[in-house]
Amino acid sequence: IINRKSTRKFKNEPITRLQLSLLLFGMTGLTRIFPNFAFRTVPSAGGLYPIEVYLVINNVEVLEKGIFHYNIQNHSLELMKKGDFRITAAKVCLDQKIAFNSAVNFVWTALIERSRWKYLQRCYRYIYLDAGHVGQNFYLIAEALGLGACTIGAIYDDEINELLGIDGINETSIYVGALGKKFKKKKN
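According to this note's numbering, the sequence shown is numbered sequentially starting from -15.
A portion of the hints provided could be inaccurate.
[Unchecked claim] Cut-off 30 Å, straight-line C-alpha distance, at most; resulting in silico cross-link-like pairs (DSS-like, lysine-lysine):
no.	residue 1	residue 2
1	Lys169	Lys81
2	Lys65	Lys169
3	Lys(-5)	Lys102
4	Lys(-11)	Lys75
5	Lys169	Lys49
6	Lys102	Lys(-11)
7	Lys(-7)	Lys49
8	Lys165	Lys65
9	Lys66	Lys169
10	Lys(-7)	Lys102
[What the hints assert, rightly or not] Label pairs and their computed distance ranges (CB to CB):
no.	residue 1	residue 2	range
11	Lys66	Asp142	38 to 48 Å
12	Leu63	Gly137	34 to 44 Å
13	Thr15	Glu146	26 to 36 Å
14	Gly149	His59	19 to 29 Å
Because the hints were derived from the structure by calculation, they are not lab data. Source: prediction; values computed, not measured. We put the beta carbon where it would ideally sit given N, CA and C, even for glycine.
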């Protein structure tokens, strides 16, 4: 926790598939499963877990570049679109280079109805709290793995929603987390 900080410069090197797997599990993975509900590594108001995880993969060993959805139930990635989306990722993050240079950009979205049925208009407060919990796990696990991380709130919501193929009403983007190997300046 003491070493946690935002890293805005990354090496142009891949992260491993194991690092990605550990990060995904630590952010939102299932810890206990019962017939009607499950617990995860992150808290959620009412145990409803409205936050979904999408990845824009730029540089991960043995994985192709593209946009993926994290299937939490199976701890697996679902390929949505193949291709190099670094330029688009930077553009939807207000042209921030960090999104272009990262090994992976995580996009956290919310399925609004998962919370709204129970909390009505108050659901938005809980959704943002839940997203913050996921983001904090993202930072702490990245640091534990020796990786650099930085969350990005300055985004073009509609453009990210379009990139992911979500409607922005029933499911909408919340924020982005850029991840990569830390770039360290050489000391003289």
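Hint-by-hint comparison with the structure:
1. A C-alpha spacing of about 18 Å is found between Lys169 and Lys81, which places the hinted pair at or below 30 Å, so the restraint holds.
2. Between the alpha carbons of Lys65 and Lys169 the distance comes to roughly 35 Å, so the proposed pair goes past 30 Å and is violated.
3. Under the criterion of a C-alpha separation no larger than 30 Å, the hint pairing Lys(-5) with Lys102 is inconsistent with the structure, at around 44 Å.
4. At most 30 Å may separate the alpha-carbon atoms for a hinted pair to count; Lys(-11) and Lys75 meet this at roughly 24 Å.
5. For the proposed pair Lys169 and Lys49, the alpha carbon gap of about 28 Å is at most 30 Å, so the pair holds.
6. Proximity of Lys102 to Lys(-11) is assessed by CA-CA distance (about 35 Å); at most 30 Å being required, the pair is judged violated.
7. For the hint linking Lys(-7) to Lys49, the alpha-carbon distance of about 20 Å falls within 30 Å, and the restraint holds.
8. Simply put, Lys165 and Lys65 have alpha-carbon atoms about 24 Å apart, close enough for the 30 Å limit, and the pair holds.
9. Between Lys66 and Lys169 the CA atoms are separated by roughly 33 Å; this puts the pair beyond 30 Å, and the hint is violated.
10. Simply put, Lys(-7) and Lys102 have alpha-carbon atoms about 41 Å apart, too far for the 30 Å limit, and the pair is violated.
11. Checking the proposed 38 to 48 Å range against Lys66 and Asp142 shows it is violated: the Cβ atoms sit about 23 Å from each other.
12. At roughly 27 Å, the beta-carbon separation of Leu63 and Gly137 lies outside the given 34 to 44 Å, and the hint is violated.
13. In this structure the supplied range 26 to 36 Å holds for Thr15 paired with Glu146, their Cβ-Cβ distance being about 34 Å.
14. For Gly149 and His59, the hinted distance range of 19 to 29 Å is satisfied, since their beta carbons lie about 22 Å from each other.
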